[in-house]
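Under UniProt numbering, the first residue of the sequence shown is numbered 1, with each subsequent residue one higher.
Simulated from the structure, these hints should not be mistaken for laboratory data. Predicted model, so just to flag it, every value in this text is computed and none were measured. Hints may be right or wrong, so weigh each one.
[What the hints assert, rightly or not] Restricting the straight-line Cα-Cα distance to at most 30 angstroms, the calculated cross-link-like pairs of lysine-lysine (DSSO-like) are:
1) 15 - 61
2) 15 - 28
3) 61 - 50
4) 101 - 74
5) 39 - 7
6) 187 - 114
7) 63 - 101
8) 114 - 172
9) 15 - 114
10) 50 - 7
11) 63 - 112
12) 39 - 63
13) 63 - 15
14) 74 - 63
15) 15 - 39
16) 74 - 39
17) 74 - 61
18) 74 - 28
19) 187 - 112
20) 114 - 63
21) 15 - 112
22) 42 - 63
23) 172 - 15
24) 74 - 7
25) 15 - 42
26) 42 - 112
27) 39 - 28
28) 39 - 112
29) 42 - 28
30) 39 - 50
31) 63 - 50
32) 114 - 101
33) 74 - 50
34) 39 - 114
35) 101 - 42
36) 112 - 50
37) 42 - 61
38) 74 - 42
39) 187 - 172
40) 101 - 39
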Amino acid sequence: MEHDLQKDIIYTRIKEMIVNGTFAMGEKISERTLEQSLKGNKAPIRDALKRLQAEGLVVRKPKSGTYVFSLSQKELLNLLNFRFVIESQGMILSFGQNQEKLIERTENIIMKMKSALALNQGDVYLQQDSLFHETLVSLCENNYFITSFERISAIMDTARNFLGNNLEHMQKSIVEHQNIANAIREKNIGRVVELLREHILPEFGAYWKNFNLSDAD
């Protein structure tokens, strides 16, 4: 039991270090460095890295080592298209199953985002940003949608943190999130879908177009 708990703790710590950018996208991860910083031994660290590899957060390169994932332009576009489908359709289901909860929770999150913006708390803002999108899907009462969204959420959070929390982005972002919440409250679901398309997909002006990636496959 204690051994399993240690494995879970180390897994969580490494995952947090990837998501928050302590380990940058594409950076090599040294098992020895992890042993020293986490005060753990090889077995739970290797177990954690295997779990993170299965989740797409790290990749193992033969004769080279373990690296934080990176995304080509094509991979990012594929990811965002998948996210848009899951999030928009999950939102429709959430609205049908838990309309009042969806309205209440998105409006509460908007208030916290505005507070974080006013206090220039970029990290808090990004956390609430992530929670806003999670909420759109989590109320759908369909485990296939929820599991699919969870599968990419850590990758999206890592990419979101990679882009950062500069003031210009947050000011644009809060307007977009407020518009989405307003459309949900007004029960204009078609409008919500269009706003999500504009918010998520680069070709419609989403801030992911600023993601500095190569065109490699």
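Evaluation of the provided hints:
no.: 1; hint: 15 - 61; result: 19 angstroms, holds
no.: 2; hint: 15 - 28; result: 14 angstroms, holds
no.: 3; hint: 61 - 50; result: 13 angstroms, holds
no.: 4; hint: 101 - 74; result: 36 angstroms, violated
no.: 5; hint: 39 - 7; result: 12 angstroms, holds
no.: 6; hint: 187 - 114; result: 22 angstroms, holds
no.: 7; hint: 63 - 101; result: 51 angstroms, violated
no.: 8; hint: 114 - 172; result: 12 angstroms, holds
no.: 9; hint: 15 - 114; result: 27 angstroms, holds
no.: 10; hint: 50 - 7; result: 11 angstroms, holds
no.: 11; hint: 63 - 112; result: 46 angstroms, violated
no.: 12; hint: 39 - 63; result: 26 angstroms, holds
no.: 13; hint: 63 - 15; result: 23 angstroms, holds
no.: 14; hint: 74 - 63; result: 26 angstroms, holds
no.: 15; hint: 15 - 39; result: 16 angstroms, holds
no.: 16; hint: 74 - 39; result: 38 angstroms, violated
no.: 17; hint: 74 - 61; result: 20 angstroms, holds
no.: 18; hint: 74 - 28; result: 22 angstroms, holds
no.: 19; hint: 187 - 112; result: 22 angstroms, holds
no.: 20; hint: 114 - 63; result: 48 angstroms, violated
no.: 21; hint: 15 - 112; result: 25 angstroms, holds
no.: 22; hint: 42 - 63; result: 18 angstroms, holds
no.: 23; hint: 172 - 15; result: 28 angstroms, holds
no.: 24; hint: 74 - 7; result: 34 angstroms, violated
no.: 25; hint: 15 - 42; result: 16 angstroms, holds
no.: 26; hint: 42 - 112; result: 40 angstroms, violated
no.: 27; hint: 39 - 28; result: 19 angstroms, holds
no.: 28; hint: 39 - 112; result: 36 angstroms, violated
no.: 29; hint: 42 - 28; result: 17 angstroms, holds
no.: 30; hint: 39 - 50; result: 19 angstroms, holds
no.: 31; hint: 63 - 50; result: 16 angstroms, holds
no.: 32; hint: 114 - 101; result: 20 angstroms, holds
no.: 33; hint: 74 - 50; result: 25 angstroms, holds
no.: 34; hint: 39 - 114; result: 39 angstroms, violated
no.: 35; hint: 101 - 42; result: 45 angstroms, violated
no.: 36; hint: 112 - 50; result: 35 angstroms, violated
no.: 37; hint: 42 - 61; result: 18 angstroms, holds
no.: 38; hint: 74 - 42; result: 35 angstroms, violated
no.: 39; hint: 187 - 172; result: 23 angstroms, holds
no.: 40; hint: 101 - 39; result: 43 angstroms, violated
Checked against the numbered hints listed earlier, the structure breaks hints 4, 7, 11, 16, 20, 24, 26, 28, 34, 35, 36, 38, 40; every other hint is satisfied.
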